[in-house]
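Visitor: These are the residues of each chain, in order.
Number of protein chains: 2
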Amino acid sequence: MRLRAGLLFASDSRTNAGVDHIATFRKMNLFEAPGERLVTLLTAGNLATTQSVVSLLRQRAAGNEPHLMNLSSMYDVAELVGRTLREVVSRDSEGNGQLNQGVDFGANFIVGGQIRGEEPRIFHVYPQGNFIEATEDTPYLQIGESKYGKPIIDRVIDYDSSLAEATKCALISFDSTIRSNLSVGLPIDMLLYKSDSFAPAVPHRITRDDPYFKTVSQGWGGGLKRVFEQLPDDDWFAAERTGQ
Amino acid sequence: MRLRAGLLFASDSRTNAGVDHIATFRKMNLFEAPGERLVTLLTAGNLATTQSVVSLLRQRAAGNEPHLMNLSSMYDVAELVGRTLREVVSRDSEGNGQLNQGVDFGANFIVGGQIRGEEPRIFHVYPQGNFIEATEDTPYLQIGESKYGKPIIDRVIDYDSSLAEATKCALISFDSTIRSNLSVGLPIDMLLYKSDSFAPAVPHRITRDDPYFKTVSQGWGGGLKRVFEQLPDDDWFAAERTGQ
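Line by line, the protein sequences give chains Y and D.
Under full-length UniProt numbering, the residues of the first sequence are numbered 1 to 244, in order.
Under full-length UniProt numbering, the residues of the second sequence are numbered 1 to 244, in order.
Watch out, some of these pointers could steer you wrong.
Where chains are identical, the list cannot tell them apart; a pair therefore holds if satisfied intra-copy or between any two copies.
Stated by the list, open to error - Straight line, CA to CA, 27 Å or less: simulated DSSO-like cross-link-like pairs of lysine-lysine:
(1) Lys194 - Lys225
(2) Lys225 - Lys147
(3) Lys225 - Lys214
(4) Lys194 - Lys214
No lab work stands behind these hints, which were simulated from the structure alone.
All chains should be modelled from the sequences, with the hints used to inform the complete structure.
Guide: As structure tokens, this is what we get:
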């Protein structure tokens, strides 16, 4: 989420290659120079692809070519991530012929952060390497299993929401998704960044036992049930029921 | 939904062939003989396919072969719908070569109802023609744009829920989906069936102005916001915020 107050990044940590091969991998990757830049990459899709892209970006950040640690705008950073993604997908998928066996080598990235001289920005980089940027009208981006958790964000978040509201909403959104879909699981990695702070990043890992996550999860579940129960039954339904 | 109390069917009515070709089509089809049987078909997917399947089933219901109005179990009805679906997809897609242009001819059906001598039953018929049946453990089935509206059903519905609760939940589920996805739209067609009633079906069409839909939609939206606001902020967030 890219709000006036700052940025919030959140990612789950479940990967699967079929239901009998489920594992935990961090999907949040940080590149930072406190005082000057923070770049965060969240990943979804083929794990071989996303790991390779992150490894190459990290390896090359020591080199002479333009890289994540010396580019002067987040736009250029998103373009570099897109280019590196295309490079890896081409390398891994081309010329294999039958070997590919219908495997999807694609991946999606959320690329966000702030570089001194710019506002904080976030981008969604598609498997094709092109990308879109979040704006004030649509201040959040999602990748991966995004649908279950979208309605609550649409209802409560706008550009002027606080980082505390964003945190609460992100946890509810993940909680709903985790309940409805096996491919999303705890722990959740979360990072808050206050606009123009350029402070060292302090990611927070939320496990099943995290007291705040428990409070939000139980409070939300109980609250929803109360709201549901307090809504009235329908008249036409009552007619239908007694009419038989 | 297949509950102890009976069945609830609900479908939206939006179809699209790209965002510049959006139309309204009823996706709920009834075959009934009050006192003896009710068979309801809900459809999702390629509209040419779903209309053809329904037309063929209706046309053949006057013939001598086994058909929807004389089969003696809902299982056989689901099997016939699956077979007819395979027939239409084969007819429309095979031998076209380049003409297909990547079009997906597939469709999904929910087939449900009650035939005298059986319990009420509902099935999900897949594009391949095979099918699954809802059970007491998982008393609901969804087709089409199902993810946005799934979390609320998972939270409040079980086999012993009342038909009034089911109605309320289905409207909330559709309301959330309609807010988050352009391909789902009002009106909603809804049908309630009380177990063993074999009463004439009275479908209810819910438009934007339906007073109960308005009550539920506004009450739910307002209630969610209240629950959200009442949940506390996090301690670690407060530390993060003041630490900078």
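Visitor: Run every hint past the structure and note whether it holds.
Guide: Evaluated hints:
1. In this homomeric assembly, lysine 194 and lysine 225 come within 27 Å of each other (Cα to Cα) only across copies, at 24 Å, whereas the closest approach inside a single copy is 34 Å.
2. Proximity of lysine 225 to lysine 147 under the C-alpha cut-off of 27 Å is found in both arrangements, the shortest distances being 21 Å within a copy and 20 Å between copies.
3. In this homomeric assembly, lysine 225 and lysine 214 come within 27 Å of each other (Cα to Cα) both inside a single copy, at 17 Å, and across copies, at 19 Å.
4. For a Cα distance limit of 27 Å, the shortest separation of lysine 194 from lysine 214 inside one copy, 25 Å, qualifies, whereas the shortest one across copies, 39 Å, does not.
The structure is consistent with each of the numbered hints, conforming to all of them.
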